[in-house]
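Enquirer: Order-wise, the sequence lines are chains A and B.
Going left to right, the first sequence walks through residues 8 to 422 as the working numbering numbers them.
Going left to right, the second sequence walks through residues 1401 to 1777 as the working numbering numbers them.
Hint data in this document are derived by calculation from the structure and do not stem from the laboratory.
Do not take every clue at face value.
As the list claims (entries may be wrong) - Straight-line Cα separation of at most 30 Å, DSSO-like style, residue types lysine-lysine; simulated pairs: (1) A:Lys407 to A:Lys421; (2) A:Lys28 to A:Lys42; (3) B:Lys1743 to B:Lys1536; (4) A:Lys40 to A:Lys216; (5) A:Lys168 to B:Lys1764; (6) A:Lys344 to A:Lys216; (7) B:Lys1675 to A:Lys117; (8) A:Lys21 to A:Lys407; (9) B:Lys1738 to A:Lys127; (10) B:Lys1591 to B:Lys1459; (11) B:Lys1743 to A:Lys117; (12) B:Lys1459 to B:Lys1743; (13) B:Lys1536 to A:Lys316; (14) B:Lys1743 to A:Lys127; (15) A:Lys127 to A:Lys42; (16) A:Lys127 to B:Lys1536; (17) B:Lys1536 to B:Lys1675.
To be verified - Derived contacts from chain B toward chain A, CB cut-off under 7 Å, selection only: (18) Gln1505; (19) Asp1651; (20) Ile1688.
As the list claims (entries may be wrong) - Here chain A is said to cover these stretches of chain B; the calculated rule only asks that three of the stretch's residues, wherever they fall, bring their Cβ under 8 Å from a Cβ of chain A: (21) 1516 to 1530; (22) 1763 to 1777.
Ideal Cβ placement from N, Cα and C applies to all residues, glycine included.
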Amino acid sequence: MSEVKKSSDPAKEKKKIHSAKAMRQLMTDYYTKAKIAEADGSKKIAWITSGGPVEPLHAMDVIPIYPENHGAMLGASRMSVEMCQVAEDMGYSRDLCSYFRGDIGSAVTKQSPIPGGLPKPDFLVACNNICGTVTKWYEVLARYFDVPMFLIDTPFIHQEKTEQSAVYVTAQMQEYFNFLEEQCGTSFDMDRFQEVANLSMEGVRLWNKVLSTCENSPSPISCFDAFFFLGPIVTLRGTEENNEFYRGLLAELEERVAQGIAAVDNEKYRLLWDNLPIWYSLRPLSELFSSYGACLVADTYTNAWARQKIDPENPLESLAQCYTEIYLNIDIEIMVKEIKGLISRYKADGFVLHSNRSCKPYSLGQYDIARMIQEETGIPTLIIEADMTDDRVYSEAQAKTRIEAFIETLESNKK
Amino acid sequence: MEAVEVLHEMKRIVEDPVSAGKRFKDTLKRPMIGYFCTYTPEELIHAAGCVPYRIMGRKKQVEFADRHLQSYSCSLVRTGLDMALAGELDFLDGTVFPHTCDSIQRLSDIWRINAGFLYHGDIVLPVKLHTESARKYIIDELSAFRASLEEFTGNEITDDAIADSIKAYNLMRDNLNRLHDIKRKNPGIVKSTLADDCVQAAMYMPVEEHNRLMADLLAEFEGKDDPYDPIRLVVVGNMCVFGEIYDFIEDAGGSVAGDDMCTGYRYYSLNVDEKNENPIEALAERIIRRPLCAAKHSLDFDRGKFLSSIIDNTNAKGVIFLLIKFCDPHSFDYPYLKDTVEKRGLPHMLIEMEMDNPSPGQVKTRIEAFVEMLGQG
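Only chain B is shown next, with the shape it has when bound in the complex (with noise of 0.2 Å):
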């Protein structure tokens, strides 16, 4: 396939998740595991047998969640919870929570009790990651969740199977970071948007399709240069859901040259140690050492520095907070991050967006005049 044609069928999965969900299930007939985080042991369910599919909510108003859920939860789990009620995610065999935060906490309780999914499974990844009894808690809860998944579907996970899917999943990081670091010496050879497409349709893909399209992308793309010389910046957040932000960059002449995000590099940074021959510890492994999400605590990382040393990579002029509101773990890191920022003399601005409330187009202006202003400094 050509790259073009690449990046329109990463669009196009991206842009409709759930008709994309209904194809794959519909092609591999594999029972299909949904999830909200990427602290999911995808690699467990794969060797499962199951296709592992995110569940990144709708940007469509509640109909249904409200009567679960009040108006201050995020929009993630409201809408999440809506396209569960509105029938959308029949084509799921189950979904599984591991713990993230405490809204994704009681989403798992309305979810069990409401949704109607044959599978329902629960990891109760431990908030702490930098202790050896968490590490030990860790790859007991991860078993747990394999001998869950053997109920499940009847067959027997062996190491060996585990140790297949852990390569998949390594090559489909290593070929997104593959895609970043292109991008991040020539900005001009793909669009921030497409390059972010790759990654987020990589959440709702059966992993080797994607590994197929990315191959061909991949051989496109390196050793091409170009002399586009945008304004850099980094994204930093939780999830970025609605592309047009990374489009009001670009065409204020920005260009999103690294970032630390949940529906970025977090998912693809770090692979798991296929050298370790138990392959349950090297899941805990890197669920211990991939970059810290908001609603985890580690005392080995610092968010603040992590948010640095992409600056530094980068030579990013600004940078752009992105929220989704209502998410208490990431607003409690925000007055610490931007002082991170603010000490390195960068600019800074925020940008909060809901789910079930779409208006992305508000915050053009604001993206442009911000974007313009760091060209002029």
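Pulled out of the complex, with its shape left as it was, chain A reads as follows (with noise of 0.2 Å):
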């Protein structure tokens, strides 16, 4: 992962992406206000899915807060172990999420990266189209913070969405709104809505060129860098602020590409990721597989948030199928034609899964997937088993010994 660094080494300095202290400033500046509108009251805080319809809360002018990537700070901060562990305590198995373990103990010891944790929601929207995970989870936010809690239940898609699945999400979504404005006690504003709408699309717009500057040999970014600049598009989407990173990202990725700066210098191999990072060890990895000549060109989860495609015209069916029809919403098949498709794209010569513990919807599957793609595409697979923020169940040595026996693999198949 590429560090803001003062570095006197030229090839480095070259080598540097220069958005990253933009998108630092960006994120700081986020969690500011959030926690400047905590103090003052000015306006409500809203605790989100990754998942989550955020549109109307932009609309509704609602400071959205991710829990999830608060946990991915935590992981990326090596804080999570702790935070688990007063969950643990709690009564909270060591199976469960490890964003959710860690959150529950952040919330509770107030320890994060964040001073004084994450400012309290007034309300929690949570919609499961990511997990049955998040259902749960925030039903022990709205026990613990004694707030309202409003679920969009997204039914899963078996082989095909059914027109019953659509008409009970869009009435959900609906619903959203007259919760939104109960909460706000405001009326919803369709105009600024349509504003907000416009804006998501154009971020996911523009996240999605970010990372087609992938489909270049030399990539000038890994997914590891990928990764790190998907913190707006996730917590900040459907914002003015979220659109000028993003043009910019893209403007020096575009750039890149054009001087020949690659991630991984000697690009030997492109591989494709699957599942969430391991927030904990992004270095070592990238550094590893960038000792080989391999570069992570794409992965399924970035790829998640390109998605999105809402009607401003349309706004409940839209944002009904937008939400629904998300990337792990989906059947394992579905996800097979989807990863062939970035294979194909991306001109991936392996397939690296993490069997992430944390994740059921996401890594149960994984073997059958693994198999598909082999049988059906002919390139190599390889699963690293690990959690994305509990490194207790990682074994950093273990998952090196296969890394490299795989890019044996791909060697030979070079041959």
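Two chains, two frames, a set of hints: combine them into the complex.
Expert: Written as structure tokens, this is what we have:
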């Protein structure tokens, strides 16, 4: 992962992604504004899931906070395990999602990379399109903070989305708008919503273009960089600041492509990554793959935020469709089709799957997915067993051995 | 049949459900449809002329499922898949998966791709149960499932047929409710394990057969009295597949006076409204109003309050939380329910088991000590 550090090494300077500084500022401002709103009560604060429809929140001038993004921060800053242990002492099983355990541990102790911890929610919005865990997580939060929770229940798509599912979710979007009006004490501003929806769509379009720069060979960044730059499209989607940032990043990446600046020098193998990042081991993994000339050029996780399409003319139906048809809410065979698309687009030579103990919807089925990809595309696959933020279940030595063996397979395939 | 023979038959079925399933298939010669979750509308399967059959995994190390499921998935899905891949469930004509939890959701995909059954149904029930839009959606999904069964069997499922099936299943639930009422008043009349066997056997058997056996059983038990006054406990959790645990409780002088278990009360509580002329609607109502599984979300049902009411009704002295490991929904609820019990000043203990790593003997001492402690309190 490229770091913004003072370096007198011109080669390193060249490789540095300058937009990282702008991003840190953007995220700092975002959390600062939220903490100020918590203190002075000037705006409502809602905690929302990463797959939740955030556009209506912006339309109501509510600040969205993402405990999952916070969970990633806890993982990256290596505070996660300590926070998880607090949750475990409360009786929460060690087998539960580590984002949740870290979040509840942080909420209770107020320990966090953000001074004072996350700002308290006025209400909660959960959408179970990503998993059933968030429903239960937010029930716990609702009891802990004693605030209302709204669940958007998006039925899973087995083979085909049904008409009754579309009707159900569309109805819930209206219920969601009603809920927001109740919580905010104001009426829903459809004009403002249209504005936000347009900004959101533009943000998604820009994020798509950012990721697409990796179709180039060599790729200007790797998915380890993409994991870092994912923050704004998740937390600030629907705002002008978000789009401004990605315009800057896109310009920088296009310049890198033009200049032939590669994420991995002597890019030899192009790989696809599946599942969430291993947040506490981004740099070691990035460096290890790089040392073999392997670049993780794309991944299914960051691509999940490149799919949304909201039709401002048809808000309820399109919100319903957009948030039902996300990557984790579809069956394994549909996922395989999408993965094959990514492999083809990015010209991937191999597929690395993170079997993430914390995420059942993403991880269960991977063994079949790997087998089907191998059978249908011929590219080799590697499964790394870990957890996204709880490093107690990760063996770096074991992962290293398996990666080395995988590289050997890639090498012999090239011959 | 005498009560002791009925109980023997129930236990025989529960201890070897695969042999039982094969026996019923051979006798009835009707299509058998497997299911994992008690939100399955068994009445619809029955009305279609099929026999519903619950799959509750097996107490054996997995041989084949490791190729498809990581070790951190629950042993219900792992051993259940293993049974299918081993050919143990070949007597089934198909399976149906109501949406339950993340693991069952993915199991459905893996199963459809690998298990090789003729019929595969998904009933994507909502997680949310307290809204009008959810109610409408349940009705739509049940209607779609009805159409799917009609296509599979080639027969129309009339409203009258569903109404008849509802009557049969209501009788099954009535019988189990009566049995547990009798046991609550007179714990000495039937051991906790045997009462639980009657519940679990119902999940594997044709409902008419179960109703027949239960009629005989209740005829003998009704009006009986027994002075035995054991230490009353409540058991809460997901599934109890280790009957030995209830024996350990009884052997230590305890009795399971009430429960909030998937393999227990949640299965047979609350009948379907026979007065509702729309049987699909009536089935939807039961789904909405029956005691909530942790995998569901309803603002109209508080599991803590429900547990509290069970404790009141049974005069329980303590609570045992019994969980099959790696169950996210129930693990999430555990601290809240534990706090509920503590606020009432009652002791509690947690037992976590795995079907594919069976070692019930290890908890014997813990249970004995717990029940003994309750007796002294």
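Enquirer: Within a Cα-Cα threshold of 30 Å, do Lys1459 of chain B and Lys1743 of chain B meet the stated pairing?
Expert: Not satisfied, since the Cα-Cα distance of roughly 36 Å exceeds 30 Å.
Enquirer: Are Lys407 of chain A and Lys421 of chain A close enough, with their CA atoms no more than 30 Å apart?
Expert: holds, 21 Å
Enquirer: Regarding the pair Lys1743 of chain B and Lys117 of chain A, is the alpha-carbon distance no greater than 30 Å?
Expert: Between Lys1743 of chain B and Lys117 of chain A the Cα gap is close to 25 Å, so the pair holds against 30 Å.
Enquirer: For the hint on Ile1688 of chain B, just tell me whether its beta-carbon gets within less than 7 Å of chain A.
Expert: Hint on Ile1688 of chain B: violated, closest Cβ of chain A at ~14 Å, above 7 Å.
Enquirer: Lys127 of chain A and Lys42 of chain A: Cα distance at most 30 Å?
Expert: holds, 9 Å
Enquirer: Given the proposed pairing of Lys1743 of chain B with Lys1536 of chain B, does the C-alpha separation stay at or below 30 Å?
Expert: violated, 38 Å
Enquirer: Hinted pair, alpha-carbon criterion (30 Å max): Lys40 of chain A, Lys216 of chain A. Please report holds or violated.
Expert: holds, 29 Å
Enquirer: Taking 8 Å as the Cβ threshold, is the statement that the segment 1516 to 1530 of chain B is covered by chain A upheld or broken by the three-residue rule?
Expert: holds (count 5)
Enquirer: Within 30 Å, alpha carbon to alpha carbon, are Lys127 of chain A and Lys1536 of chain B?
Expert: violated, 35 Å
Enquirer: Just to be careful, I want the Cα atoms of Lys1536 of chain B and Lys1675 of chain B compared with a cutoff of 30 Å; is the pair within it?
Expert: holds, 19 Å
Enquirer: When you check the alpha-carbon spacing of Lys1743 of chain B and Lys127 of chain A, does it fall within 30 Å?
Expert: holds, 26 Å
Enquirer: Verify the proposed pairing of Lys28 of chain A with Lys42 of chain A, using a straight-line Cα cut of 30 Å.
Expert: With Cα atoms ~21 Å apart, Lys28 of chain A and Lys42 of chain A stay inside 30 Å; holds.
Hint compliance for this structure: hints 3, 5, 7, 12, 16, 19, 20 and 22 are broken, all remaining hints hold.
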